[in-house]
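Engineer: One-letter residues, chain by chain:
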Amino acid sequence: MTCETFRELLPLALYGEVSFEEEEQLDEHAMTCESCAEDRERLTQIIRSVGSEPAGVPPGLLSRCRRDLSARLTADGSTRRQPAWWERALAALNPSLSWIKPASALALLSIGFLGGRLMPDWGSSGSGSIDPASVSRVRYVDSDIPGRVRLVVDETRQRELTGEVSDAGIRRILMGALGDPSDPGLRAESVDLLGSSSDNADVRQALVNSLRSDPNSGVRLKALEGLRRYAAESEIRDALCEVLLTDDNPAIRAQAIDMLVQHKDTEIAGVLQELVRKEENSYIRSQSLKALSEMKASAGTF
Amino acid sequence: MNTHGATLVLPAQAGVMDEAATIRAAQRGDQAAFERLVHTYDQSVLRLAMNLLRSSEDAYDVYQEAFLRVHRNLQNFRFDCSFHTWLYRIVTNLCLDHLRKKKVRRQESMTVETETGIVDRAAVLPEERPGSDPQRTLFSHEVRAKIGSALQTMTPRERMVFELRHYEGLRLKAIGEMLGTTEEAAKNCLFRATQKMRSALGEFV
Ligand SMILES: [Zn+2]
Chain A
1 MTCETFRELL PLALYGEVSF EEEEQLDEHA MTCESCAEDR ERLTQIIRSV GSEPAGVPPG
61 LLSRCRRDLS ARLTADGSTR RQPAWWERAL AALNPSLSWI KPASALALLS IGFLGGRLMP
121 DWGSSGSGSI DPASVSRVRY VDSDIPGRVR LVVDETRQRE LTGEVSDAGI RRILMGALGD
181 PSDPGLRAES VDLLGSSSDN ADVRQALVNS LRSDPNSGVR LKALEGLRRY AAESEIRDAL
241 CEVLLTDDNP AIRAQAIDML VQHKDTEIAG VLQELVRKEE NSYIRSQSLK ALSEMKASAG
301 TF
Chain B
1001 MNTHGATLVL PAQAGVMDEA ATIRAAQRGD QAAFERLVHT YDQSVLRLAM NLLRSSEDAY
1061 DVYQEAFLRV HRNLQNFRFD CSFHTWLYRI VTNLCLDHLR KKKVRRQESM TVETETGIVD
1121 RAAVLPEERP GSDPQRTLFS HEVRAKIGSA LQTMTPRERM VFELRHYEGL RLKAIGEMLG
1181 TTEEAAKNCL FRATQKMRSA LGEFV
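Chains as they are written, first to last, in this note's numbering: chain A, 1 to 302; chain B, 1001 to 1205.
Simulated from the structure, these hints should not be mistaken for laboratory data. Remember, it's a predicted structure, so these values are computed and weren't measured experimentally.
Lysine to any residue pairs mimicking SDA-like chemistry, simulated, CA-CA at most 25 Å apart: (1) A:290 <-> A:228; (2) B:1196 <-> A:47; (3) B:1196 <-> A:30; (4) B:1196 <-> A:49; (5) B:1102 <-> B:1195; (6) B:1196 <-> A:5; (7) B:1196 <-> A:7; (8) B:1101 <-> A:258; (9) B:1101 <-> A:64; (10) B:1173 <-> B:1183; (11) B:1196 <-> A:12; (12) B:1173 <-> A:19; (13) B:1101 <-> A:228; (14) B:1173 <-> B:1080; (15) B:1102 <-> B:1156; (16) B:1196 <-> A:45; (17) B:1102 <-> B:1090; (18) B:1101 <-> A:229; (19) B:1173 <-> A:44; (20) B:1102 <-> B:1199; (21) B:1196 <-> A:13; (22) B:1196 <-> A:4; (23) A:290 <-> A:279; (24) A:290 <-> A:229; (25) B:1101 <-> B:1090; (26) A:278 <-> A:217; (27) A:264 <-> A:290; (28) B:1196 <-> A:19; (29) B:1102 <-> B:1089; (30) B:1173 <-> B:1043; (31) B:1196 <-> B:1167; (32) B:1196 <-> A:48; (33) A:290 <-> B:1056; (34) B:1196 <-> A:38; (35) B:1196 <-> A:34; (36) A:264 <-> A:289; (37) B:1101 <-> A:58; (38) A:290 <-> B:1055.
I would like the entire structure built from these sequences, with the hints used as guidance.
Structural biologist: Here you go:
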């Protein structure tokens, strides 16, 4: 082995990344070549002095990461269980289908539409042939023969729609979906989609409503994200303040404080002072204090 | 007839099988299983990100983005590599992105002047463990500043390979696999990284 080969293999050898044969040859060379032997000694020391302890993770960072991830997954995860509802919906909407009445669409809990279709054949249509889940409304009940019942029902049926979120009709359906109490995944996905249209005042209002009152923290978090660009608007600012003082999820409050303090408005000083006094989360308290000092307001009563 | 022997599973094997079962459960949408998976790996992910990026905020970002990506793409995980490799592929890519961005940012404001030259602020101000011997602290301070400046001279890839080999103790073969390159290329990176470490610490050690 030449000195040159020795130097090339040395670092790899010290990390145990050479073959058994190569290691043998290195040892052999070092026995006969003093300068290479010294070289090996020095590099071994250097690598040792680099130490094996990394920079270290600051206390609290892991738990903050876990907590925030968990909140995000709630939003993300619940939507994944049925990922396709809006893709199905958006995949097929044809502009010519704008006959869909927004009002009735709003009343629906999902992307099913009222067919208003009557049972085709009363005589043969036993309950076995209809799926009770597809009955959106019972219109008429009567009993002509004892033990026999006549029902007139509205049936929902699924229909696929496609279109841009910027389309007013689609937006309205999505906003309608925000009111579906049964499916947080549906609401989260709708909020997420609507977030891209937050330049629309109605959309912003819907997002504010979700932020204020949706029982699911993942949905609230997405609503918050959708409103990010409008944090300076007084209505959004008020909602952020309310969230900070009342939302029980610290991840959401932490997001809210970040958005709120982007715009140092003296009107929020009172809320910040209250947070400094009462907030249990240290990150939120420190952000509040920092914003106050940048606003040159005291942490006491304003 | 005693059939118990046949059902014995070695602990390591049991761990792997257990993980595969956890992954499958997570793929079916079991949120608790997913969290178990996260908690198995997230400490080392965070440590790697923290060590590479030397910033809590950057490490936080990498953590969130990495596990969100894992969550979104878990369906596509086909067990053709280990989950660890798959996860680290995502994490190292995110870290490399951050390192590249950081390099640009650093030229603006992240550096400070020290007697050893211009180095990364984070490398000069490492976490101080309380109660340590002042003499040793001074020494380790200087060494750490040197190490910090050596790390700065490495390219993001060299830095990554060095980090994974030196601190994480991963084999170059696995590192190559994670970074989507060959073992040979990983070797070259490690060689160059060591050279840089050597020229920074050479006269010091
Ligand atoms: Zn020699």
